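Chain by chain, the residues:
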Amino acid sequence: MNIINILDEIEKVDGEIYERLNPRRAAMKSFFNVGKKISLAALPLALGSMFQKAYGQSNPANVTEVLNFALALEHLEYNFYNRALLSTGLIPAGAATTAITTIRTHEMAHVNLLRSAITGAGGTPIVLAEANFDFTAGGTFGDVFTNYGTFLKVATAFEDTGVRAYKGQAPILKGMPVLTTALQIHSVEARHASHLRQMTAAFLNVPLKPWVGLGANGVSNDTGVPQVDPVYARENNTIQANIEITGINGTAVTRAAAAESFDEFLTGAEVKTIANLFIRTGSKLT
Amino acid sequence: MKNNELETKTELQEESLLKSTVGRRSFLQYAGASAAALALVAAGCRKDRNFTDPMAGVTLDFKDDFGVLNYAYALEQLEAAFYIQVANSNPSGFTTAQKAYFQDVQFHEIAHREFFKKALGTAAIGSLEVNFSAVDFTSGASVLATAKTFEDLGVAAYNGAGVRLKETAYLVLAGQIVSVEARHAAYVRDQISNGTFADLGTLSAFGAVDANGLDGALTPDKVLPLAAPFIKTKINVVNL
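Here the protein sequences line up with chains P and C, keeping their order.
When you line the first sequence up against numbering that gives the first Met the number 0, it's residues 0 to 285, in that order.
When you line the second sequence up against numbering that gives the first Met the number 0, it's residues 0 to 239, in that order.
You may find that some hints are simply not true.
Said to hold, decoys possible - Result set (DSS-like, lysine-lysine): computed pairs, CA atoms no more than 25 Å apart in a straight line:
no.	chain 1	residue 1	chain 2	residue 2
1	C	K116	C	K62
2	C	K231	C	K117
3	C	K221	C	K147
4	P	K208	C	K165
5	C	K62	P	K173
6	C	K221	C	K98
7	P	K173	C	K98
8	C	K62	C	K147
9	C	K98	C	K165
10	C	K233	C	K116
11	C	K233	C	K98
12	C	K221	P	K173
13	C	K147	C	K98
14	C	K62	P	K208
15	P	K271	P	K283
16	P	K173	C	K231
Stated by the list, open to error - Under 7 Å between C-beta atoms, here's a sample of chain C residues computed to sit facing chain P:
no.	residue
17	P90
18	G92
19	H107
20	E128
21	V177
22	I234
Hints were generated in silico from the structure; no laboratory data involved.
Computed from a prediction, not measured in an experiment: that's the story for all the values here.
Virtual Cβ for every residue (Gly too), placed ideally from N, Cα, C.
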């Protein structure tokens, strides 16, 4: 990681970065000294705290809001997988348990990372524990922790939602170093979604693809689970930036391939509506 | 399957048509012999985005979003060319399901490539000439290993370039593509070894941080040298 490059990058979006940093020479100096001692893995967070020192209150409040929104979703995912792994007899031993454990570990890491980033930016991380969630969604998925098939369906919906949620928030983080971190989480969620779709396809013997396919008769939801329709809203879209992807430039790109080749974003409001189905009254996202 | 084969063929025909129309000799032949006409054609050549002089190569100018989009276009060209060749090589050990999914991936990459070409219009770089001499397309293992590299690298490239984009619409589009690439990466990895879909510890060279659950992210100056062995066309980089 090249700190000078990062500063140059920031200068492109914030011409006053050096002025902002200049009065904080002591902070810079201490940062570089700290940099010698900390591990590479911890570097992004150390950078975050330096930028916090430089930007302070001028950091737009909605960046913290975005991070807290992401944190809420990561809490939801972590607690979901954690409860599933603690539910005896739910997840088959072997590859399935290993995969879900891997995913849970990532979600925990995301929780910790986002929490630190929010605290570092002077915000207050949202607190959500297992007791704040209802993973049956008011009984819609009543057997989610006793029926492996139901668990896989809900897990797939959560991951696909996560992918779409990060995408929708990216514009608020445009040009900021934290955008890269968000993108690095976003693609991990997509990897999770891909694997969970494969697990679901194998266990339920359904033709679910690793990518979001075109649903039956061209509908946006390819999972065959109508309860999760809002998760897949607009995923059958084939027009990007006013360009029709089906048959683009005379190629044989089918309507299905066109829909699959671009994931769609969800707005914050759409994601909150979905997440709130699984969050108990009193803790719902607003 | 019949239908799928036809689709692949159509794509290839389109490819060869493209190549045959942009060959320098035929272009010049069509142009006639007068010096004035040649000069005009030479000027036209530089603007013809389907024409790439392999010696001069293409230039990615990162001064603005077009540079970033052309960078993505270059990587998508590489990926699409790879999967087109896979579809025509019948790698050993590939199951029917794998063939079908690799064909899906092929058309996703073609869709990405053509999207950038169309969106960039006259600002698009020319077609790149690829070099897959290191890939054994008859070997399933070789194809999977190369696909894994391309997909993981593609994810890291988009993740690392996103912060450069100034137009919100382009940022969202890049996000719409990168998650599909990540889905590909996870799928390909699972074909090599089930459960390695997000083995971030193996991706530290691409900028992943396993302890933080973060995927790869590489800046263009790191990505291009890794892609270079697969690309014959010289890629010039300015304003990075």
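Hints, verified against the model:
no. : hint            : result
1   : C:K116 x C:K62  : holds, 19 Å
2   : C:K231 x C:K117 : holds, 23 Å
3   : C:K221 x C:K147 : holds, 17 Å
4   : P:K208 x C:K165 : violated, 33 Å
5   : C:K62 x P:K173  : holds, 17 Å
6   : C:K221 x C:K98  : violated, 32 Å
7   : P:K173 x C:K98  : violated, 38 Å
8   : C:K62 x C:K147  : violated, 30 Å
9   : C:K98 x C:K165  : violated, 38 Å
10  : C:K233 x C:K116 : holds, 19 Å
11  : C:K233 x C:K98  : violated, 32 Å
12  : C:K221 x P:K173 : holds, 22 Å
13  : C:K147 x C:K98  : holds, 16 Å
14  : C:K62 x P:K208  : violated, 38 Å
15  : P:K271 x P:K283 : holds, 8 Å
16  : P:K173 x C:K231 : violated, 34 Å
17  : P90             : violated, 19 Å
18  : G92             : violated, 18 Å
19  : H107            : holds, 4 Å
20  : E128            : violated, 19 Å
21  : V177            : holds, 6 Å
22  : I234            : violated, 20 Å
Hint violations for this structure: numbers 4, 6, 7, 8, 9, 11, 14, 16, 17, 18, 20 and 22, all remaining hints satisfied.
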